[in-house]
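Novice: As a plain string of letters, each chain reads:
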Amino acid sequence: MELAVELRREPNSPLLSKMATSDGHGENSSYFDGWKAYDCDPFHPTSNPEGVIQLGLAENQLCLDPIQEWIKNNPKASICTEVGVSEFKNIANFQDYHGLRVFREAVAKFMRKVRGGRSDFHPDRIVMSGGATGAAEVIAFCLADPGEAFLVPTPYYPAFDRDLRWRTGIQVLPIQCKSSNHFKITRTALESAYEKAQKANVRVKAVMVANPSNPLGTILDRETLRMLVNFTNGKRIHLICDEIFAGTVFKDPQFVSVSEIVDEDPNCDRSLIHITYSLSKDLGLPGFRVGVVYSYNDTVVRCARRMSSFGLVSSQTQYLLASMLSDDEFTTKLIEEVRRRLSKRHELFTSRLAKVGIQCLESNAGLFCWMDLRRLLKEFTVEGELELWRVIINDVKLNVSPGSSFHCHEPGWFRVCFANMDDETMDVALGRIESFVLRTKEAAVQAKKKKWKQDGLRLSLPRRFEDMATMTSSLMSPHSPLVPATTSALVV
Amino acid sequence: MTRALPLDSDDADDHSAPPRSHAGGSVAGAGSGGGGTAMRIIVPLQGVVQGRGGLVLGSLIPCALFYFLQLYLKRNRPSSPSPSPPSPSPSSSNLSELSAIPRSLSRGLISPRGSSGRASLSSRGAAIARPDDCPYYIGFKRCVDDPYHPSSNPDGIMQLGLAENQLSLDLVRDWLESNLKESFPGDKETGGLSIRGLATYQPYDGLMDLKMAMAGFMGQVLQGSVSFNPSQIILTAGATPAIETLSFCLADPGNAFLVPSPYYPGWNRDIKWRTGVELIPVPCRSTDNFNISIAALDRAYNQAKKRGVKVRAVLVSNPTNPVGNILSQETMYGLLDFATEKNIHLISDEIFAGSTHGSNKFVSIAEVLDAEGFDRSRVHIIYGLSKDLSLPGFRVGVIYSYNEHVLAAAAKLARFSSISATTQWLLVSMLSDTKFISEYLEINRERLRKMYALFVGGLKRIGIECTSSSAGFYCWADMSKFIRSYSEKGELKLWDKLLNVARINVTPGSACHCIEPGWFRCCFTTLTEKDIPVVVERISRITESH
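As given, the protein sequences belong to chains Z and D, one line each in that order. Each residue of the first sequence is one higher than the one before, counting from 1 in the numbering used here. Each residue of the second sequence is one higher than the one before, counting from 1 in the numbering used here.
Derived by calculation from the structure, the hints in this document are not laboratory data. Be aware that one or more of the hints could be misleading.
[Stated by the list, open to error] 25 Å max Cα-Cα, derived SDA-like pairs, lysine to any residue: (1) D:K141 x Z:T299; (2) Z:K89 x D:S227; (3) Z:K89 x D:D433; (4) Z:K18 x D:P253; (5) D:K141 x Z:N90; (6) Z:K18 x D:N255; (7) D:K310 x Z:D145; (8) D:K530 x D:F140; (9) D:K141 x Z:G116.
[To be verified] Where chain Z lies over chain D, by a calculated footprint (3+ residues, C-beta under 8 Å): (10) 122 to 128; (11) 232 to 246; (12) 506 to 518.
We treat Cβ as the ideally placed atom computed from N, Cα and C, and that holds for glycine.
Based on the sequences and whatever the hints tell you, model everything.
Specialist: Right, dumping it as structure tokens:
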């Protein structure tokens, strides 16, 4: 009876868990808002040429044709073909969470090849998970209890907040990196993040770094990796290297995997080192949902393997990939082709941006550039950055991701993805950026003239504005009806 | 367990205190009949001696006798947990694996904060990594290591512990063979699908095309009695993540689900491991043919409440696993009333909906909801293709919910366990072929029926009765008359014999939280007809020697 009353009192209570009712999914972020904006009005060269172009999705669509070609030429790899169907019965029933042996062997081989053949991977340490997303979550479940923390250098991939934290209840604490040294991870920054956590009485269980970095597109050099290994070994905490972009390193310097450091250094406690990997970026196959946890720690392998029943890869897909990835000749060519095409695309993209005076952080990996739009900021704050972002998405009709959504401490950086579209769309996107920058410059010149005329007003403005006006001397806001905050933001 | 009780009551009357604590400890440890026999000898003896007048002798002699008896028992106990590594003899290996959970390891892993400087796993991670002590998984492993094959490994272990259907795979294969162009991923010209639609990011909770095909398939399974709405479907990589995801949505860590027992052993992993949700078994009894009792649910609910544990849902399987029952409409009305009264959720796992073989017609909770004015937002169905379409390797699970909030949250959570797009597109074509599906379902039911009859008949001939069941890939066999002591221990001993002597892997009732010892789940769908006499003969070796 009591309960019936309770029910009546809260007729709309969904009676769900805190997890289901909180916003731990992290989708209330400008990163995902941009996706929504794209979803509402997606660009199409003929049917919607004025639509939003998606530059916010790190997807590699440049090398799907060789993969398609391979599938066509290797019908035996698919259980849905005349020559492959004989394997159907074995595959359809296969549900062992270890994964097909041939699949793990092929993935291990592929991981080695992508890393230049400089370190070996053991098939028995390969644990499957539902994409890199699942891999990150599984490792968090394995290593930390609710309330404990991972240190992650900023800027970092926005969905880490969800993948690492949402269901596990762990915390992600930033290691602050700065543009002044190319956003490198320094020992000082690492130590200060660690100490800050200790002061707050939060137990740090691991440092997690993306190498190559998303969103920066840079790779960690050998020294930094050694420093990270030393630091984490010294503190007896784990080091997780997210190497899902390992195969996208398109020019020198060469990629160095943490596995090389582990192999080189006999004193390194390898039971503290873990790698997450996937085929979504290097091969451009996110639809296949293949993620991998590779751990040098036997207990973690056992634990993660048992958890992999929550994100197993379809046996049909395992079977197909096992053949594809063990075709040596094909993978060698494919890895090279991916690099070649990415390099070309990156070159084209950055050089055209440079022509209109937009610089990107120097990088040699990833499916994106870290674009420096600090010059275009009206106000050197997160709000200023988001204001510019709204103009870009609503006016210029490009979905780029603002640095603040990557927890970047310096406003004015944006991640722009360049590998998820064809050349034509790319051209349109670049054209839009170019004309936007030109318009902005013109507007700036106009505004400057106007400003000199209103000399008196200038003196009455708050100090902050003057700072900013000198800092971003070349522009004022582009006049857009969609940005009503122009004046009010200044008055605050 | 039950044996320990008479011993205690005997003790209470007995005033010779010294041996009591001794007896209570080690005899109960020795389990089976030891303690009872000991008292049966000692108590009368004490009386005899006392009758002659020697008060000192009266207490000393029994003490000494008891001591020697203890020594005798200790020496002759066959499965004593010895400090030496598990003996290689096959008959005792599993029991020692059962009892010897290396606690030192687990304690080492859950080291207190930063004490030894040894980096640790999370406590949940360490718990998951611990060796399996459940016979359900131990048996699996034995089968994987030494699988039976009629010609190449005739002494191998026969797998009756895995609810997997191998009776009708040829039908699916034939379909594939004749529909290759439809399903071949990668070639547009021949009518296949382009790589772009397969390789790139897809909605995490499943392609709309597959949701539509799935809704149609689920409707077909229920022979059109319900029509399912594709927008109420969330697709996940198997039923395992489906039930976990749903649990994450419905309960906070420390909350509980009431689960009529015996229940599917895998739920202890699937649900408890990462969500922190507690499962409270609510025993069903053989006298009721293991039907769900609402009164028992009510009692369990109140007990949980007293402990301060919040119950968030009732979780049932229908058709039930491991018994193979089909819930009656009355039971479902009872469950809905109960859930409404307590203001909790009702989860119905209907993964065997299409795998019926009996005369009872399966009725989904969806159909009951359609008929009456219940609050639908508290009802959720779990489904998948592993059982009804015999495709466990494809990892396709379904959450079907009537609660929009659950659907919204689950769609986001599905990100951690999405289905590969190649598999999704293949299934879109397969499930949309309604003619094939209805033929498949019918033939599969027919084959199940035949195997069930053969198997249960075989067991009956050697004196093993099964509950009369109507669905699933298994029967629920009563072997209580073959266990030496009517306890979990006795049951596990028989299970061990079946595994190591008869060399068949079955699931003991205790692994399913069955309250009555001696019940075993035996899956028959991984067998061929020729295997049945082999299984029956192997079991009879154990039962006859009894």
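Novice: Compare the structure with each hint and give your call.
Specialist: Results of checking the hints against the structure:
no. : hint            : verdict
1   : D:K141 x Z:T299 : holds, 18 Å
2   : Z:K89 x D:S227  : violated, 31 Å
3   : Z:K89 x D:D433  : holds, 20 Å
4   : Z:K18 x D:P253  : holds, 10 Å
5   : D:K141 x Z:N90  : holds, 18 Å
6   : Z:K18 x D:N255  : holds, 12 Å
7   : D:K310 x Z:D145 : holds, 22 Å
8   : D:K530 x D:F140 : holds, 22 Å
9   : D:K141 x Z:G116 : violated, 37 Å
10  : 122 to 128      : holds (count 6)
11  : 232 to 246      : holds (count 5)
12  : 506 to 518      : violated (count 0)
Hint compliance for this structure: hints 2, 9 and 12 are not met, and every other hint is.
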